[in-house]
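Asks: Sequence:
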Amino acid sequence: MCSLETYRIDLKGMKTDEQRLEFDLNDDFFKALNTSEVNSGVLHVSVSIRKSTGFYELLFHTEGTVIVPCDLCLDDMEQPINTDNRLLAKLGTETNTEDDDVVIVDENEGILDTAWLIYEFIALAIPIKHVHAPGKCNSAMTQKLEELSGTVRSGEEEAESIDPRWEALKKLKV
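Numbering that gives the first Met the number 0 puts the sequence shown at residues 0 to 173.
None of these hints come from the bench; they were simulated from the model.
Some hints here could point you the wrong way.
[What the hints assert, rightly or not] Computed spacing ranges between beta-carbons, pair by pair: (1) N81 with S51: 22 to 30 Å; (2) W115 with H43: 12 to 20 Å; (3) E93 with H60: 27 to 35 Å; (4) S2 with S138: 39 to 47 Å; (5) D105 with L20: 51 to 59 Å; (6) M140 with K50: 14 to 22 Å; (7) D105 with S47: 16 to 24 Å; (8) I161 with V41: 46 to 54 Å; (9) K143 with N81: 30 to 38 Å; (10) I125 with E21: 32 to 40 Å; (11) P79 with G109: 49 to 57 Å; (12) T5 with L144: 12 to 20 Å.
The model shown is predicted, which means the values in this text are computed figures rather than measured ones.
Where a beta carbon is used, it is the ideal one built from N, C-alpha and C, also for glycine.
Produce the complete structure using the sequences and hints provided.
Replies: What follows is the structure, given as structure tokens:
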């Protein structure tokens with residue numbers, strides 16, 4: 000089981016003005032978060048933290064693949080992820096801000112939990128529509144989908160449904 004403690008960053012305890020962290024995510028990470036969108040994957044996350052006056056700038060680079068269900072055939076498919084995200088954190092006592100890019104970290108604690116932030120960056124990098132490459136979907140499922148949606152007709156039905164005007168036009172072809 001994955002411990003999410005690994006993803007907690009002690010901002011107050013930073014010894015230098017710049018720090019770099021590396022995380023390797025696998026299925027255990029997603030199971031520990033107990034999410035429904037992504038349940039497995041293999042990713043590498045590098046976090047660069049730069050301490051400035053009054054705030055911390057965090058740059059996240061995430062690269063790898065996650066497993067998501069295909070929208071057409073429902074089989075699992077690999078979705079490549081390659082994303083860069085920027086986040087500002089500052090120590091303070093207020094809890095809500097109007098800026099989505101700034102996270103307020105309790106100044107008494109000084110610890111930023113990045114596990115959920117990393118997951119959100121991954122989830123936002125997944126396209127809304129995720130389908131297999133052409134020809135890679137489960138053929139049995141796509142055939143059944145076409146039958147039920149009415150796009151595929153048997154030869155007998157097709158012959159009956161051709162408009163006679165089109166039939167007359169077909170005779171003009173040489």
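Asks: Confirm or reject each hint.
Replies: Hint-by-hint comparison with the structure:
Distance hint check: the CB atoms of N81 and S51 are about 27 Å apart, consistent with the given range 22 to 30 Å. Look at W115 against H43: about 18 Å separates their beta carbons, and that is inside 12 to 20 Å. Separation of E93 from H60 is about 29 Å and conforms to the stated range, judged on CB atoms against 27 to 35 Å. Between S2 and S138 the beta carbons are some 42 Å apart, a value that agrees with the proposed interval 39 to 47 Å.
A hinted range of 51 to 59 Å is violated for the C-beta pair D105 and L20, which are about 20 Å apart. In this structure, M140 and K50 break the distance hint of 14 to 22 Å, their C-beta atoms being roughly 52 Å apart. Between D105 and S47, the C-beta spacing of about 23 Å keeps the proposed range 16 to 24 Å intact. In this structure the supplied range 46 to 54 Å holds for I161 paired with V41, their Cβ-Cβ distance being about 52 Å.
For K143 and N81, the hinted distance range of 30 to 38 Å is satisfied, since their beta carbons lie about 34 Å from each other. About 22 Å separates the C-beta atoms of I125 and E21, a value inconsistent with the hinted range of 32 to 40 Å. Taking 49 to 57 Å as the suggested C-beta distance range, the pair P79 and G109 does not conform, at roughly 35 Å. One distance hint, 12 to 20 Å for the beta-carbon pair T5 and L144, is violated here, with the actual separation near 42 Å.
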